[in-house]
Amino acid sequence: MDEEDRMLVQLIRNLSPTPLRQRNHASASLVEFVDLLVVLLRSGRTAHQAFECIARWGDGDVGRVAGRVVQRCERGERLADATGELITTFGSAAVGIASTLAAAERDGLPIAPVLDRLAGEAHAERRRQAQIDAAKLPIKLAFPLVACVLPSFVALTVVPILIGALSSLTLGPPTR
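Sequential numbering of the sequence shown, starting at 1, is according to my numbering.
Quick caveat, the hints were computed from the structure, so don't treat them as lab data.
Any given hint could turn out to be false.
Pair ranges (Cβ atoms, derived) [unchecked claim]: (1) 77 to 147: 49 to 57 Å; (2) 64 to 99: 17 to 25 Å; (3) 64 to 121: 20 to 28 Å.
In this text, all values refer to a predicted model and were calculated from it rather than measured experimentally.
Where is the CB? At the ideal position from N, CA and C, for every residue including glycine.
Using the sequences and the accompanying hints, generate a full structural model.
Laid out in structure tokens, this is it:
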């Protein structure tokens with residue numbers, strides 16, 4: 001089962017796009033975390049087992065936050081209380097996930113359908129952010145275009161014409 005866990009985590013990690021910017025890193029890590037959690041819960045793991053698996057095989061913030069949750073649970077805290085680490089690491093975007101996990105533990109509610117919806121919302125937010133970043137790209141590329149490409153175009157097209165025109169000019173008195 002340990003090898004299956006590693007393969008599930010590796011599959012989600014390979015399917016998740018890498019974050020393009022540091023400011024989007026927390027958002028992308030949260031989406032990866034939710035994807036891993038949903039896959040592991042759907043594969044029959046309990047929430048605590050899923051956190052242990054993510055802590056063992058997860059990378060970066062995803063593995064670290066799961067490890068901190070597992071450590072707090074090993075010290076005797078309930079999972080519902082330990083999930084506050086998600087909010088500490090991922091910010092306010094993780095409030096829904098943390099409260100869902102807490103409610104599932106306290107009340108015994110099914111967690112996977114709610115996490116599916118939260119994962120869908122997180123994916124939609126990441127898609128919107130990617131569209132915003134794509135819309136900003138032409139503005140960011142304008143300076144390199146003006147500063148580098150256009151001067152080289154002028155140097156290759158206009159300068160030879162000017163040199164040809166100036167070389168045909170003579171400096172002496174006009175000849176008859």
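Practice problem: Find the hints from earlier in the document that the structure breaks and name them by number, from lowest to highest. | Solution: none
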